[in-house]
Structures are given as C-alpha cells and as structure tokens.
Amino acid sequence: MDTGYLSFLLGQPNVTPHSLLSMFFLGLMRITPIVAFAPFLGGKLPGSVKIGLSVAITLIMLPNIVFTSHEVLAFNPTFVGYAMKEIFIGVILAVLCTIPFYIANMSGTLIDFMRGSQSLMVNDPLVQTQVSSIGLLYNYVLIVIFFEINGPAIFLNGVFDSYQILPADGLFSRAFFYANNPIWKLIMEIATKTLSISIQLAAPSLIAVLMTEVFLGIANRLAPQVQIAFLGMSIKSLVGLALLYAAWFYILKEMAKQSLDWITFINKVIYFFRA
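With numbering that gives the first Met the number 0, letter number 181 in the sequence shown gets 180, and the count goes up by one each step, no holes.
Heads up, a few of these hints could be off.
[Unchecked claim] Calculated cross-link-like contacts (lysine-lysine; reagent style DSS-like; alpha-carbon spacing at most 27 Å):
1) LYS184 to LYS256
2) LYS192 to LYS252
3) LYS267 to LYS184
4) LYS84 to LYS49
5) LYS84 to LYS267
6) LYS256 to LYS267
7) LYS256 to LYS192
Simulated from the structure, these hints should not be mistaken for lab results.
All values derive from a computational prediction rather than experimental measurement.
Generate the whole structure from the sequences, applying the supplied hints.
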C-alpha cells in the first residue's frame with residue numbers, strides 16, 4: 000500500500016494506527032456481504048477473489064469512513080456492537096441489490112411455466128439456484144443492462160454516501176425500530192413490487208399464451224375429435240417465444256427503467272438509516 004495514502008489518513012485528527020485498522024474492519028463488514036451476494040459483482044467467484052474485491056472497495060471508501068467517524072475506535076466491546084450493526088447494514092443492502100435478479104428469474108420462469116416447459120431447469124451460477132431457460136436469459140440480459148446503465152457505480156456511490164448518513168461509529172436511532180418508521184413501509188412494498196415487475200416483464204408472452212389457450216379451448220369444442228392437448232403444448236411454446244421476440248425491445252427498455260427505479264428505491268432505504 001502507498002505510504003502516502005496511510006500518511007494522509009493517519010494525519011487526520013483523532014486517527015491512530017489502531018483506530019484506522021478498526022475503521023477498516025468496520026468498513027469491510029459493510030462491504031463484504033454486498034460483494035458476497037451481488038450477482039453483478041460475481042455470483043460464484045472464488046472466495047479469495049471476493050475477499051480481495053471487498054478489501055479493494057473498502058480501501059477506496061476508507062477515507063470517507065475516516066472523515067465521517069467522530070470518535071477514536073479501538074478493539075473493545077463497543078467495537079463488537081459497531082461490527083454487528085455494520086454486518087446488519089451490509090446484509091440489508093446485499094439482499095436489496097440481489098432482488099432485481101431474482102425478479103428476472105421469476106419472470107422468465109413464469110413464461111416457461113405458461114409455455115409448458117417448466118421442467119427444463121438449468122443452474123444459474125450467478126444466483127446459485129435452479130432456474131428456467133428464459134429465466135437464465137433474463138438474468139444474463141439484466142446484468143448486461145445493469146452495467147450499460149452504470150448500475151454498479153450508482154449503487155456503490157449509494158453505499159459510499161451511506162457512511163455520511165450512518166457512520167461506522169454511529170448507531171441507529173430509537174426511531175429506526177418504531178413500527179411507524181417509513182423504512183419498514185418501504186421494505187413491505189418489496190413483495191408487491193417484485194410480483195408486479197415480474198408480471199410486467201412476462202406480460203407479452205403471458206397474454207399470447209392465455210389467448211392461445213382460449214382459442215384452443217374453442218377449437219376443442221368445435222372439433223372434439225382432434226387431439227388439441229398434444230397440439231397445444233407446441234403451439235403455446237411457439238406463440239410465447241414469438242411474442243417474446245416481438246416485444247424484446249420493449250422488455251429491454253422496461254428492464255433498464257426498473258433497474259434505475261430499484262437503485263433509487265435502495266437509496267431511499269439508505270436514507271432512512273439516518274442515526
């Protein structure tokens with residue numbers, strides 16, 4: 000590490016080598032859960048790579064951690080309380096930044112279920128779960144879009160700003176745990192947002208498959224001797240894919256819009272961390 004970097008940090012008021020090391024570890028505890036779970040930072044990278052990336056991001060944010068801290072930190076029982084708080088914040092942010100990719104998986108799985116191909120499941124190394132083929136496609140496309148809109152930088156900038164809202168040596172206010180705190184209302188909205196966004200991304204194929212079901216039902220009434228059940232699966236699959244292809248441009252635009260909206264939502268949650 001550059002000695003100028005260390006000299007600059009140690010030259011700040013009330014910063015000693017022990018307190019600087021304490022602040023580094025506290026920063027690492029907020030960053031590590033995010034790196035461990037965020038798909039856009041490498042879902043299944045080796046543990047050593049994730050640790051190295053966590054350390055690198057923490058070193059970048061360390062000056063901000065130092066400037067926003069108000070007391071001399073040391074390895075004592077108080078440090079344990081701060082560490083638990085930092086891990087709690089890191090886990091919340093990690094879960095929130097992972098949800099959009101689960102939404103993409105859910106949307107693709109919903110399309111495959113309606114097409115009748117839900118039995119075709121593959122392993123997604125990014126979220127480390129079994130997903131459908133279209134769910135996997137949606138997930139990879141979302142990651143590309145996320146980088147295209149500079150999502151990782153915007154998200155990490157929000158994490159950077161979170162130290163000004165709740166410093167490493169700060170604690171939650173009592174109002175944070177009250178039932179009427181707006182943060183709990185925002186978190187309760189996640190279930191509604193997850194379902195609505197999943198349906199929006201799958202809507203073209205869902206509508207096409209449902210209309211096909213109606214027409215096949217009418218055809219079965221008109222010609223009961225025809226084995227509609229055998230024809231239906233291939234027809235539904237073809238129509239669902241055709242509408243997915245036709246609406247692909249609009250789906251990509253919706254993914255980009257929802258990604259930006261979700262980052263804004265995460266920043267709102269970070270704001271209510273205020274001590």
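Hint by hint, here is what the structure shows:
The suggested pairing of LYS184 with LYS256 holds, with an alpha-carbon distance near 22 Å, which does not exceed 27 Å. For the given pair, LYS192 sits about 17 Å from LYS252 by alpha-carbon distance, which is consistent with the 27 Å threshold. Pair hint LYS267 plus LYS184 holds up; C-alpha atoms about 11 Å apart against a cutoff of 27 Å. Restraint check for LYS84 and LYS49: satisfied, since their Cα atoms lie roughly 21 Å apart, inside the 27 Å limit.
The hinted pair formed by LYS84 and LYS267 meets the criterion: a straight-line CA distance of about 19 Å does not exceed 27 Å. Proposed proximity of LYS256 and LYS267 is supported: the alpha carbons are some 17 Å apart, at most 27 Å. Pair hint LYS256 plus LYS192 holds up; C-alpha atoms about 14 Å apart against a cutoff of 27 Å.
Figure legend: structure checked against the earlier numbered hints; every hint is met.
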